[in-house]
Amino acid sequence: MKKTIVVAMAGVALGAVVLMRAEPDVVPPPAVRAPVVEMHAQPPAAAPEREIAVDPSVLATPEARAYVERVDFEARARRFFTDPRALAPAEREREAQALTAAIDRYERARQLSAGEAMNLRIGLVRATVDDEAVQVDRIADIVAAYRADGERREARFIEQQRGDAAFVEYKAREAAIVAEVMAMAAIPDGLTREEYLRRRLQAERVALSH
Amino acid sequence: MKTRSTLAALAGGLVALAAMPAHAELGDYSAWQTFLNLFSPPGADNPVTPAQRQGPYPLLSNPAGYADGFSPGNYGAWQTIKLAPETGAVCGNGSQYKFFVNRVANTRNTIVYMEGGGACWDYPSCSGQSGIRGARNPNGIPDDYMALMNPGASLVSPFVTRVSPFDAVKTQGWNMVYVPYCTGDIYSGDKVAVYADPTNANPPLVWHHNGVRNTRAVIAWLKDRLPRPTQMLSTGCSAGGAGSLTNYQAVRRDLAPDRGYLIDDSGPIFASPIGGDPAQYPSVPLSTQIRSAWGLDLPGGPVAYLAANLPLLSTVNLGTLYNALSAKYPADRLGHTHFWKDLNYSSYSYERFYPAIQNAPDQATKEALIHARWDIDTNRLKTTLNGLANFGGYFPQYRALNESHCTTIVDFKNGDVQERGLELKTFIDSVLDGSGAVLDASEASDAADRAKAFNLLYWTVDQLL
Chain A
1 MKKTIVVAMA
11 GVALGAVVLM
21 RAEPDVVPPP
31 AVRAPVVEMH
41 AQPPAAAPER
51 EIAVDPSVLA
61 TPEARAYVER
71 VDFEARARRF
81 FTDPRALAPA
91 EREREAQALT
101 AAIDRYERAR
111 QLSAGEAMNL
121 RIGLVRATVD
131 DEAVQVDRIA
141 DIVAAYRADG
151 ERREARFIEQ
161 QRGDAAFVEY
171 KAREAAIVAE
181 VMAMAAIPDG
191 LTREEYLRRR
201 LQAERVALSH
Chain B
1 MKTRSTLAAL
11 AGGLVALAAM
21 PAHAELGDYS
31 AWQTFLNLFS
41 PPGADNPVTP
51 AQRQGPYPLL
61 SNPAGYADGF
71 SPGNYGAWQT
81 IKLAPETGAV
91 CGNGSQYKFF
101 VNRVANTRNT
111 IVYMEGGGAC
121 WDYPSCSGQS
131 GIRGARNPNG
141 IPDDYMALMN
151 PGASLVSPFV
161 TRVSPFDAVK
171 TQGWNMVYVP
181 YCTGDIYSGD
191 KVAVYADPTN
201 ANPPLVWHHN
211 GVRNTRAVIA
221 WLKDRLPRPT
231 QMLSTGCSAG
241 GAGSLTNYQA
251 VRRDLAPDRG
261 YLIDDSGPIF
271 ASPIGGDPAQ
281 YPSVPLSTQI
291 RSAWGLDLPG
301 GPVAYLAANL
311 PLLSTVNLGT
321 LYNALSAKYP
331 ADRLGHTHFW
341 KDLNYSSYSY
351 ERFYPAIQNA
361 PDQATKEALI
371 HARWDIDTNR
381 LKTTLNGLAN
391 FGGYFPQYRA
401 LNESHCTTIV
411 DFKNGDVQER
421 GLELKTFIDS
431 VLDGSGAVLD
441 ASEASDAADR
451 AKAFNLLYWT
461 VDQLL
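These protein sequences, in sequence, are chains A and B.
Going by full-length UniProt numbering, the first residue of the first sequence is number 1, and it counts up by one from there.
Going by full-length UniProt numbering, the first residue of the second sequence is number 1, and it counts up by one from there.
Hints in this document: simulated from the structure, not taken from any laboratory.
Worth double-checking, as some hints may not be accurate.
As the list claims (entries may be wrong) - Below 25 Å or equal to it, Euclidean Cα-Cα: the simulated SDA-like pairs (lysine to any residue) are:
# : chain 1 : residue 1 : chain 2 : residue 2
1 : B       : K452      : A       : R138
2 : B       : K82       : A       : R156
3 : A       : K171      : B       : P63
4 : A       : K171      : A       : Q202
5 : B       : K413      : A       : Q135
6 : B       : K425      : A       : R156
7 : B       : K170      : B       : N46
8 : B       : K82       : A       : I158
Next comes chain B alone, as it looks inside the complex:
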């Protein structure tokens, strides 16, 4: 009996170990360390320093004793982390900012996922006026946000699910940090805007474009409460993709992973030199608007902060961010992806700035005018990324979901470049697990995409929007 029991327990131990991921990654704990972590959760080993609490955009923590809602040993649960006003964090409407952490016991590796959700830069767009594309969460973030089928959150990415019926990716086993979006500024602004109602029917709208400081507060909390990540992916779609891009330098520097990865999904920062000709640089009117509305060029503001840390960034042309990040982190693997036929981010970029689009006689004409400008901007970005070995660009044509906006939501399917036999997962793997140059690929024709069979899943998800 004793021999049988000994053998049984040893076999059981092997079974438990076998249940762990077969391929141990850099940053993974051993099976035994994982078990220890269950009883003694590892704490912070790279906390905020006194120097980091000073200067421009300091890392500011919750006050001592503040009930932030975190339970270190509550693995596998989506925990709501509250940030006190002292951290500088706040939602657009002045309500408390909070974010969400789902911790695991078996690894230090971490994904920082920034939620998408439009943008706003004036009274109509920030006040949620109907008929105008605006921004997510104008009322702030509820505590039970992750239990809420918010249309933005519903388009959940396989990157931040533990088990996806559709796709597997290694971040599904990582610590997850979900950063919600409530400032309308692609996480890049720093200005309390006062928007007058054009109709004078309502009092002015006070809107906190506070994206930079919210991100800094999230990073401060991560440093103070969790271990330094060994591998870190910063990603998001749409505004979240753009926010991952604009905040990557600071996030990368301060979380200080051994290996950093970036995937900007459908949040391009196109070349838009100040004073540039919109015929050549179609995003110039948008850029002009948001640089002012979000306080980007204020003294000591977001652009100055970026430029102080990225030598190759041109402050007159934020499209140089790609070159600057590539040079700053030559060993990191960085990627950008979006669809050629995107009609969401492109509409935000051009619709309200070109009378010809606003006054288009029909939807087909409107879309053609939008696509024409998107093509110019995308072509330039594609060329830029083709010249950066560690910054890949992946541009499929079309997917029948969410106006062909975001390649990495719901599943990783149908972002294929049929002409080269490539799937989106090929690109993702190139960023996260590849060596040598990060994959560059672009699809020339949408014919094969549009010829695909009806996709019930996509149609269903689109009903949520």
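Only chain A is shown next, with the shape it has when bound in the complex:
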């Protein structure tokens, strides 16, 4: 029952959020119709409608806002890339800037991978720049920036690994265990040398992780 009310409130609230952006004066109604929802492995069958009271506080939840904004961004981007030249140049540029701002935000929040963000930025250049020479320069700048950032991150990771005392200790133990096992004349427990070595090294990693 509680989940049903939450579903109904969430559904109406999200709908109201979407509309409220266009019409700030709209106020959520006190009661609406909403279907009852059960938790099923498959999409549920249609359920009888019932009226549920709406709690306007659902509108303000981070989950609801984030979901609606993300759905809106993806729909907007798809519409844009479907036919960017259907828009007048000034409008196309405005929309591209809005999408760029969203890409920046989502990329910072790790909601776009670097690869996906780069492709989107390249797509925006191709959609808004008619001069191919300028396109080449801008795309090259984007690629160079991503490459440089990737190299910095990789270098930082390698440096962190070098300074990771547990990992350094493991590598020393790994070399010692390998030398020991490779020199063994007989392998215990009926294991192959390879499996015994794997288990010894895994045990070492487990021990060092605690």
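Starting from the known structure of chain A, fit chain B onto it as the hints suggest.
Showing chain B alone in chain A's frame:
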């Protein structure tokens, strides 16, 4: 005011619902269930059983209370999932293995994408020696990997983007599992290799060819933390394509989707019978090398594990994997694709095994020698797949990107078979949404491909490599 507000809210609800994908797929939640999921993320409903934690290549989970980094309600974000040593997972250099999940609220459907990135089987290739084709991520996987423009990750496929400027495919709305590559063994090995430096200048390189166990650990985590997928696509390019193929049986069995799909992009496992004549089976020398280097034939090892679950697999010829999977899962839709003019996977397959190629007087001669062997192997694979109704083969000729390697990276364009008016997307749709036999198609001539106009996007991406 009350009437207007009621109508406005109802209209708003309709707008929100309209923002959902217009065509609901099998496995999609209803709009209302999606909204509920935002506040109460669905949990696992097909967890690892005690029996699955035993036996060969068991499904092993993180210890209780382990901070794996997952937040169930953090939809839309690339989350780094850490796997403890207890799971058996590890990168080639002994560092921690991790993978990445991007979850959505509106569906159970899931894509498992295996990253590509070469292969290695000896000291020069596994140590990252310059001038030798090696393998991705020799130093392991950083936590912020998805924020890093790794050249391999940069060739991102439309399969694992939410919004691609270039192509749309239904997996863009699915839960995404990105499996990074750090073992150099096309996700198929199980051996701690000790590679001596041929120059004796450095200590031996200890390299964990641990691909099978890493994949098992990923599957265990998915079963323990996420709902069972209704539809599941297993795919990847290059080593990721090969890894999708070799792991499909186990992934399919254990994740147990209602509908399973496989697309092996440019990771062929060619017919290579043990002891076969390289003139007839050009990949025999490679196969011999990796079967030993990656521990494939060790007692209870990867080949034995595959054979125990795939009755039609011949352990002496791993090219029978296609036939075996086709027979094991007759209702699944499976596909393989690669370019005839591939110069990447083909170079890995032949370059270091044939002195005539290594010693070729010029690049054109080298490429011709490589192509000749690739043609023999590809022709045999094409014939095999033509005989399997649920396993299609799609072989375009050439694309001016990444040495004509991988058809499904960056975009789905220019993998066309002009002679039949087919696009790569036609093949992808045949696998994911088709009925009847999965499409088979092969392009005879690369003339039309090479006559295409300069592609600025491809040229740009190639600069990253």
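Right, here's what the structure says about each hint:
no. : hint             : result
1   : K452/B to R138/A : holds (23 Å)
2   : K82/B to R156/A  : holds (19 Å)
3   : K171/A to P63/B  : holds (23 Å)
4   : K171/A to Q202/A : holds (12 Å)
5   : K413/B to Q135/A : holds (20 Å)
6   : K425/B to R156/A : violated (39 Å)
7   : K170/B to N46/B  : holds (24 Å)
8   : K82/B to I158/A  : holds (18 Å)
Taken one by one, the earlier hints fail for this structure only at number 6.
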